[in-house]
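Novice: Sequence:
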Amino acid sequence: MTVTGFTRFPPFIDDLARSESGRLLHAEFERRWPETTDQLVGIARYALLPAGKLLRPMMTLHAAEAVGGSPSRVLPAALGMEYLHVATLVHDDIIDADTLRRGRPAVPVAFGIPSAIVVGDHLIFTAFQSIVESGVTAPPGHVAAAVAALAEAGRDLCRGQMLETQLVGDLDAGARWYPEMIRLKTGALFRAVCHVGALLGGADPQLAAGLARYGEHLGIAFQIRDDLLSYVATPEQTGKPATSDLNNGRPTLPLLLAYDAATDTARVELMAVLHRRGAGPGDVEWVAALLDEVDAVQAARRQMAEHAEQALAELTALTPSASADVLTGIAHWMTSETA
19 MTVTGFTRFP PFIDDLARSE SGRLLHAEFE RRWPETTDQL VGIARYALLP AGKLLRPMMT
79 LHAAEAVGGS PSRVLPAALG MEYLHVATLV HDDIIDADTL RRGRPAVPVA FGIPSAIVVG
139 DHLIFTAFQS IVESGVTAPP GHVAAAVAAL AEAGRDLCRG QMLETQLVGD LDAGARWYPE
199 MIRLKTGALF RAVCHVGALL GGADPQLAAG LARYGEHLGI AFQIRDDLLS YVATPEQTGK
259 PATSDLNNGR PTLPLLLAYD AATDTARVEL MAVLHRRGAG PGDVEWVAAL LDEVDAVQAA
319 RRQMAEHAEQ ALAELTALTP SASADVLTGI AHWMTSETA
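Sequential numbering from 19 applies to the sequence shown in our numbering.
Careful, some of the hints might be misleading.
[Claimed, not checked] Result set (DMTMM-like, lysine to aspartate or glutamate): computed pairs, CA atoms no more than 25 Å apart in a straight line:
(1) Lys71 <-> Asp174
(2) Lys71 <-> Glu38
(3) Lys71 <-> Asp116
(4) Lys71 <-> Asp32
(5) Lys71 <-> Asp33
(6) Lys71 <-> Glu324
(7) Lys71 <-> Glu46
(8) Lys71 <-> Asp244
(9) Lys71 <-> Asp139
(10) Lys71 <-> Glu327
(11) Lys71 <-> Asp110
(12) Lys71 <-> Glu53
(13) Lys71 <-> Asp343
(14) Lys71 <-> Glu151
(15) Lys71 <-> Glu48
(16) Lys71 <-> Asp114
[As the list claims (entries may be wrong)] Pair by pair, the computed Cβ-Cβ distance ranges are:
(17) Ser339 <-> Gly300: 51 to 57 Å
(18) Val186 <-> Arg320: 21 to 27 Å
(19) Glu48 <-> Arg294: 42 to 48 Å
Calculated directly from the structure, the hints in this document are not laboratory data.
Remember, it's a predicted structure, so these values are computed and weren't measured experimentally.
Every residue gets a Cβ at the ideal spot worked out from N, C-alpha and C, and that includes glycine.
Using the sequences provided together with the hints, build the complete structure.
Specialist: Take a look at the structure:
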């Protein structure tokens, strides 16, 4: 089965954005980040709004509610999860020299690299402040645990970014280290958004840890899904150039699986494409043909589904509720054919 029909905002995510939680998040973003002459706030607003899927803050709210907490009380921390996520995107666009983000000029292009660095840092510090703001009604010790969870995720994310940099252009090393790299680079933040929500919602350590594992597996699945989007979606759907991964020599899972299954001749050519950063005539088309020939997209999709299933297994400890259903739905959406 070929992966087709990827859209940037599939029906499930559309419905989630229109839900009470989604409306609450959008309204609060607008309230907290108004149009202003303050340059720092103005650039941060550009980076944050219009908002994307808001998947991470949505997961924070529903993780809190799924353990018996109040989503409205966790709202500042949920916003903080998006601040941290967007900060990583701003810094990623500097590292990767990407010019397009969410269908418009990336922050470094629109405002310059120095301002982009400062705004990314500002959003990171604001994320931690947001957890403290949400912790007023949290059980004793839970705020400190939530801050520690976010700090750990931030450190992991940095390690994942450095590891990815080390793997650029090296498919042999990529095959060995890719699982650890995406666990750190993407799984860690998904782990944190659920862990923070559960802790501030009042969950006991065991239940909070289970939701953290749910988030990590879901984050890994999400990164594989993002890897796939480069090959099955248009720039209009993804909001970034289709050639971004090739231009940066990044060993994404479809490329690694294709490399593993390809002939020796094709392996040599694939390495050459990565080393010249996909700049040669017909490189993108040749890579797409190779992925199709060895069924690499479907193989990557199977790995994505395995992590989604492991995520779902962690939700069995929850009491049935509407929020538990949302967390389940996110895992199913992640691997749906139209996702």
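Novice: Now tell me, hint by hint, if it's right for this structure.
Specialist: Structure-based check of all given hints:
no., hint, in the structure
1, Lys71 <-> Asp174, "holds (23 Å)"
2, Lys71 <-> Glu38, "holds (14 Å)"
3, Lys71 <-> Asp116, "holds (20 Å)"
4, Lys71 <-> Asp32, "holds (8 Å)"
5, Lys71 <-> Asp33, "holds (11 Å)"
6, Lys71 <-> Glu324, "holds (23 Å)"
7, Lys71 <-> Glu46, "holds (15 Å)"
8, Lys71 <-> Asp244, "holds (13 Å)"
9, Lys71 <-> Asp139, "holds (22 Å)"
10, Lys71 <-> Glu327, "holds (22 Å)"
11, Lys71 <-> Asp110, "holds (18 Å)"
12, Lys71 <-> Glu53, "holds (21 Å)"
13, Lys71 <-> Asp343, "holds (18 Å)"
14, Lys71 <-> Glu151, "holds (23 Å)"
15, Lys71 <-> Glu48, "holds (15 Å)"
16, Lys71 <-> Asp114, "holds (22 Å)"
17, Ser339 <-> Gly300: 51 to 57 Å, "holds (52 Å)"
18, Val186 <-> Arg320: 21 to 27 Å, "holds (26 Å)"
19, Glu48 <-> Arg294: 42 to 48 Å, "holds (44 Å)"
The earlier numbered hints are all upheld by this structure, with none contradicted.
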